[in-house]
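*Asks:* Given only the sequences and the hints, what does the whole structure look like? Please build it.
First to last, the sequence lines map onto chains A and B. Counting in my numbering, the first sequence runs from 424 upward without gaps. Counting in my numbering, the second sequence runs from 424 upward without gaps.
Heads up, a few of these hints could be off.
Just so you know, same-sequence chains aren't split out, so a pair can sit in one copy or run between any two.
Capping the alpha-carbon separation at 27 Å, the derived lysine-lysine pairs in DSS-like fashion look like this [unchecked claim]:
hint, residue 1, residue 2
1, K784, K704
2, K808, K796
3, K438, K464
4, K704, K438
5, K704, K808
6, K478, K737
7, K438, K451
8, K726, K478
9, K808, K703
10, K704, K791
11, K428, K784
12, K796, K704
13, K438, K796
14, K478, K464
Treat the hints as calculated values from the structure; they're not laboratory data.
Protein chains: 2
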Amino acid sequence: MEISKMTREQMAEEKHRLEKEYEAWKSKGLKLDMSRGKPSKLQLDLSEGLLTAVKDSAEAIDEGTDTRNYGVLDGLPSCRRLFAELLDAPVENVIAGGNASLTMMYDTMLRLWVFGDSVVQRPWSSEGKIKWLCPAPGYDRHFAICEQLGMEMITVPMLDDGPDMDMVERLAGEDAAVKGIWCVPKYSNPEGKVYSDEVIRRFANLKTAAEDFKIFWDNAYVVHHVSGDGAEDILDLFAECKKAGTEDRLFEFASTSKITYPGAGVAAMVCSDRNIAWSKKIMTVQMIGPDKINQLRHVRYFKNAAGVREHMRKHAALMKPKFDLVINKLEQQLGGTGAGSWYVPQGGYFVSFNAMPGCAKRINELCKAAGVKMTDAGATYPYGKDPQDSNLRIAPSMPPLEELADAMEVFCICARLAALEKCMG
Amino acid sequence: MEISKMTREQMAEEKHRLEKEYEAWKSKGLKLDMSRGKPSKLQLDLSEGLLTAVKDSAEAIDEGTDTRNYGVLDGLPSCRRLFAELLDAPVENVIAGGNASLTMMYDTMLRLWVFGDSVVQRPWSSEGKIKWLCPAPGYDRHFAICEQLGMEMITVPMLDDGPDMDMVERLAGEDAAVKGIWCVPKYSNPEGKVYSDEVIRRFANLKTAAEDFKIFWDNAYVVHHVSGDGAEDILDLFAECKKAGTEDRLFEFASTSKITYPGAGVAAMVCSDRNIAWSKKIMTVQMIGPDKINQLRHVRYFKNAAGVREHMRKHAALMKPKFDLVINKLEQQLGGTGAGSWYVPQGGYFVSFNAMPGCAKRINELCKAAGVKMTDAGATYPYGKDPQDSNLRIAPSMPPLEELADAMEVFCICARLAALEKCMG
Numbered sequence: 424m425e426i427s428k429m430t431r432e433q434m435a436e437e438k439h440r441l442e443k444e445y446e447a448w449k450s451k452g453l454k455l456d457m458s459r460g461k462p463s464k465l466q467l468d469l470s471e472g473l474l475t476a477v478k479d480s481a482e483a484i485d486e487g488t489d490t491r492n493y494g495v496l497d498g499l500p501s502c503r504r505l506f507a508e509l510l511d512a513p514v515e516n517v518i519a520g521g522n523a524s525l526t527m528m529y530d531t532m533l534r535l536w537v538f539g540d541s542v543v544q545r546p547w548s549s550e551g552k553i554k555w556l557c558p559a560p561g562y563d564r565h566f567a568i569c570e571q572l573g574m575e576m577i578t579v580p581m582l583d584d585g586p587d588m589d590m591v592e593r594l595a596g597e598d599a600a601v602k603g604i605w606c607v608p609k610y611s612n613p614e615g616k617v618y619s620d621e622v623i624r625r626f627a628n629l630k631t632a633a634e635d636f637k638i639f640w641d642n643a644y645v646v647h648h649v650s651g652d653g654a655e656d657i658l659d660l661f662a663e664c665k666k667a668g669t670e671d672r673l674f675e676f677a678s679t680s681k682i683t684y685p686g687a688g689v690a691a692m693v694c695s696d697r698n699i700a701w702s703k704k705i706m707t708v709q710m711i712g713p714d715k716i717n718q719l720r721h722v723r724y725f726k727n728a729a730g731v732r733e734h735m736r737k738h739a740a741l742m743k744p745k746f747d748l749v750i751n752k753l754e755q756q757l758g759g760t761g762a763g764s765w766y767v768p769q770g771g772y773f774v775s776f777n778a779m780p781g782c783a784k785r786i787n788e789l790c791k792a793a794g795v796k797m798t799d800a801g802a803t804y805p806y807g808k809d810p811q812d813s814n815l816r817i818a819p820s821m822p823p824l825e826e827l828a829d830a831m832e833v834f835c836i837c838a839r840l841a842a843l844e845k846c847m848g
Numbered sequence: 424m425e426i427s428k429m430t431r432e433q434m435a436e437e438k439h440r441l442e443k444e445y446e447a448w449k450s451k452g453l454k455l456d457m458s459r460g461k462p463s464k465l466q467l468d469l470s471e472g473l474l475t476a477v478k479d480s481a482e483a484i485d486e487g488t489d490t491r492n493y494g495v496l497d498g499l500p501s502c503r504r505l506f507a508e509l510l511d512a513p514v515e516n517v518i519a520g521g522n523a524s525l526t527m528m529y530d531t532m533l534r535l536w537v538f539g540d541s542v543v544q545r546p547w548s549s550e551g552k553i554k555w556l557c558p559a560p561g562y563d564r565h566f567a568i569c570e571q572l573g574m575e576m577i578t579v580p581m582l583d584d585g586p587d588m589d590m591v592e593r594l595a596g597e598d599a600a601v602k603g604i605w606c607v608p609k610y611s612n613p614e615g616k617v618y619s620d621e622v623i624r625r626f627a628n629l630k631t632a633a634e635d636f637k638i639f640w641d642n643a644y645v646v647h648h649v650s651g652d653g654a655e656d657i658l659d660l661f662a663e664c665k666k667a668g669t670e671d672r673l674f675e676f677a678s679t680s681k682i683t684y685p686g687a688g689v690a691a692m693v694c695s696d697r698n699i700a701w702s703k704k705i706m707t708v709q710m711i712g713p714d715k716i717n718q719l720r721h722v723r724y725f726k727n728a729a730g731v732r733e734h735m736r737k738h739a740a741l742m743k744p745k746f747d748l749v750i751n752k753l754e755q756q757l758g759g760t761g762a763g764s765w766y767v768p769q770g771g772y773f774v775s776f777n778a779m780p781g782c783a784k785r786i787n788e789l790c791k792a793a794g795v796k797m798t799d800a801g802a803t804y805p806y807g808k809d810p811q812d813s814n815l816r817i818a819p820s821m822p823p824l825e826e827l828a829d830a831m832e833v834f835c836i837c838a839r840l841a842a843l844e845k846c847m848g
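*Replies:* Spelled out as structure tokens, the structure:
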């Protein structure tokens, strides 16, 4: 029954019943974590052979390059080819780097900040207030980069096929202080939404007041399909930008963090010829080259993009029951109650939950007290402030299924309790 | 015979003779490289077992931490302990990072540039002209960082026991725009000189006009002893700074690039409690954590500092004949000619050669034409400009002994030829 339509007596009765359930769970002393998008142990075990993919000196030579020694600033050619195939990009537009696309994004942003972009060449730090578009709910680590640099973040609502492009076009078109936007185009973090072809074409053809407007295209979940007949491939923004002559606005990022190992994967970025030259010119002072042995491990282990896709089907087999469990629990426990709504993702790492407005922090607090750790309420919005206090990110990957089932039971009880408290005033 | 004391006839005769030798070498079509401090294949092979030091899932667990997954911003505790032991630093003052100390230095400099230091907290980018002290001859990649940021580099001469400290004290004491200094305290790059206790104490007790003056202490060759009874240990600047209450001025760096693999080693830095907190606060937005599997490989492979020192004796056994060959060739071919002077290092990676002033570029040019690649003349000075056009860096590690012998023959002929050309006007 919809909570807001209950009589006060019904509410009180339901609340009393749920509080007893909640106390019962609380007394179990759970310690469950649904806070971060960490792969589970079983997922990590899938890449076992990676550790021994380069075992000796002879195996460390790749196409004549001794991967143990210095050099190769933009990454091992064979590793760049692997990412080129995965990202459908020309290999000359791919840089293969270290263990984290987050670091590549941060470093790229700092290069823009300190040195200016490849076209306008005016440091963003010298321009007074800079603004950045943040589709939300979104990824807290993206927002943290803008916040550290003192950029003004502007929230853009996420629609079902991507950010509200009318708003993006208006803000980017009118205000030269708006310098860019974060995007997770495939299985967005946290909602798992997929950008439509139309949205992607509008990005390629965006009229921007700033000549040095940048799209940070975080293709974190490019091969992280889980279930359904969802987007195996989205439209390629780099190709669309080239058609439109706007490729200098794009930096695309990806990594194997959630393919092999989060701490010891390989990251890559894709950008225009001009931006490759610009990146390398600045990078060459920061580093001599990435860990090429680890890049080679990945090449030897996967061989090609088909090898990666095959591997991702094993991840999907582990992730699907968890996604299904989360969605089923939400439907069973909260369906028709009005305590919240959710989007059913076909890939990625999260389920996004929109609680009854004003309830997210309370749900988080209740979960925490019962030993269920969630991502902080608000984290999915710029400055950690969700204006509706509604969105919560559920990260089902890490806990085993049985623990996840318990955690979701607790979560649903907390969501209903918070909604009841809210309705009872 | 000393070239400058020859008659013109003697000079002409000697030059004619050397030109014939030079042409004979040139006709051999050599392709020899003494340009960079790259370990040789045999040195890389010493670390063979590192590649399989972590072979499977069970081995990837270290003290309860799954090194394959996300997290541990400041590095694996066991790896931090290894560096703490090597650098004689408290483990809580050690951060273990990625594959390059150069990147740690660059990133630290950029943090100072963009955000300001932990004490004054005023971004260096906001202060107009910043100046930086550069003991020279020095390391070109250090200078490149300053140059990229538009700092004014001030050359400080290297004496036999470290930089000219009278000059350092005067410049740092008088000018608040002087924000710091590069140092390679043990087996300096390129000269292989070792800082004396007195020099190190003067650094700890330096009176600086800038409150946010920083010492970038690149301890790149901390265990890279090669021969002689030279400095196995130098005075610990961090401890001296703590005595003087100046520890916030110090950032110390080291790595295993020239212990295990240049492309796939582990870097570390040492700094004060306040600077650790400052670094982590900024770093946490740039990265989630370093490659902990690779850190664990190093811990498992070496076990402790004694393991590293034992390993370095094997490197020394390979490096010593090369250093000896270079010094012997210089003494045999150039001794008493006045064509140049050199310092005999007891460790590190280079031999520094001071040609007759005005000859370094010419020697480089002659070498190149004969197929012997050297580090660019001038590279050891800020802006790549050696005011004397004298210093050349010889990097003997990479070529096999026979090739090195050929390269040194050519080098010595070129040095004498250049000196003759110079004296003949």
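*Asks:* Next step is simple, just say for each hint if it's right about the structure.
*Replies:* Hints versus structure:
no. : hint        : in the structure
1   : K784 x K704 : between (46 Å within a copy, 25 Å between copies)
2   : K808 x K796 : within (19 Å within a copy, 58 Å between copies)
3   : K438 x K464 : neither (37 Å within a copy, 72 Å between copies)
4   : K704 x K438 : neither (62 Å within a copy, 42 Å between copies)
5   : K704 x K808 : between (38 Å within a copy, 20 Å between copies)
6   : K478 x K737 : both (25 Å within a copy, 21 Å between copies)
7   : K438 x K451 : within (20 Å within a copy, 92 Å between copies)
8   : K726 x K478 : both (16 Å within a copy, 20 Å between copies)
9   : K808 x K703 : between (36 Å within a copy, 24 Å between copies)
10  : K704 x K791 : between (47 Å within a copy, 25 Å between copies)
11  : K428 x K784 : within (23 Å within a copy, 88 Å between copies)
12  : K796 x K704 : between (43 Å within a copy, 23 Å between copies)
13  : K438 x K796 : within (22 Å within a copy, 81 Å between copies)
14  : K478 x K464 : both (23 Å within a copy, 16 Å between copies)
Violated hints, listed in ascending order, are 3 and 4; each of the other numbered hints is respected by the structure.
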